[in-house]
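**Q** Okay, here's what each chain looks like letter by letter:
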Amino acid sequence: MMSYVESRRRAPHRAGHRTTLTVPDAMMEAAGRLAQELGTTVNDAIVRLAEDGVSARQRRARIVAVASERRAAVEQAGLSDALALPSPEQLHEAMLAGRRDP
Amino acid sequence: MTDAWDTTLVSRIYPGGPLEQVLLDRASAGEPVAITAPTVMETVRGLQATATRKSEMAAALRWFTGAIASDLVEILSLDRSAAILAGRLRAVQPTPPTGLRRRGTKPEQRAGWILDIQIAACAWTHGRHIATENRHDFQALSNLIATLYPNTTPLVISTSPLA
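Protein sequences appear in the order of chains C and P. Per my numbering, the first sequence starts with residue 7, numbered consecutively. Per my numbering, the second sequence starts with residue 41, numbered consecutively.
To be clear, the hints were calculated from the coordinates, so they are not data collected in a lab. For each residue, glycine too, the CB sits at the ideal point set by N, CA and C. Please note that the accuracy of each hint is not assured.
[To be verified] If you want a taste of the chain C side facing chain P, the calculated C-beta under 10 Å gives, among others: (1) Ile52; (2) Val53; (3) Arg54; (4) Ser61; (5) Ala73; (6) Glu75; (7) Arg77; (8) Ala78; (9) Gln82; (10) Pro94; (11) Glu95.
[What the hints assert, rightly or not] The calculated label-pair distances, taken between Cβ atoms and stated as ranges, are: (12) Thr26/C x Ala91/P: 53 to 63 Å; (13) Gln96/C x Arg150/P: 31 to 41 Å; (14) Pro18/C x Arg143/P: 52 to 62 Å; (15) Ser74/C x Gln149/P: 54 to 64 Å; (16) Ser110/P x Arg54/C: 45 to 55 Å.
[What the hints assert, rightly or not] Here are a few chain P residues that face chain C, going by a calculated C-beta distance under 10 Å: (17) Ala91; (18) Arg93; (19) Phe104; (20) Thr105; (21) Gly106; (22) Arg120; (23) Ser121; (24) Arg128; (25) Ile185; (26) Leu188; (27) Thr192.
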């Protein structure tokens, strides 16, 4: 009688730290699905998911840093601006000019 | 850095087309394409206005609404910073720059320019590049931003991802 035994899945060897994690159920399920899809171990899938998360987080952080720098420049106002204000009438006219002018 | 698509690109997205495939690819890679709120307004306005004359356009409006309401794209709002910048840009350059042959009447060109200002302001203040087929006008806007805010990173202009 022939029997087919699935060989034990092996993950690629990684350099790094070993640790113990408490993984939430939802993430464990996602890791299980990914492991099945890639033909790898659940441990390897968890690392891959974490790498994706790190990459996404770094990308968001880069965008936030650039946006923050630009927003700070746009919203910058100082005491010298307040001291140099025109009269209330002049200010009123100037603000409405944005609606009238082409 | 992910870029924001302007109206020239968004208007070329079609169900099953190559740009929709780019949207899908980017979303699945966790880097959804950004679209600015003024582009959404401009595009939806065009679809709605045409839908009153052509019934099949109503289906297109429903498809586009579904696409932009999904996780396929990220919508960049015209918020405080973007509004300040757009106002300053419009004041220093109230009409479209010269040197380009343009379609439409003068008022239409002016309306388009105001939208481009808002699009550039949204993209820049949200930390994005702008992808457009209208390099001429957005380069002018990038130059204006650099003049107004000289110590900041510039608005980078890229072409269509299919180019």
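**Q** Need the list of violated hint numbers for this structure, in ascending order.
**A** The structure breaks hints 1, 2, 3, 10, 11, 13, 15, 16, 17, 18, 19, 20, 21; every other hint is satisfied.
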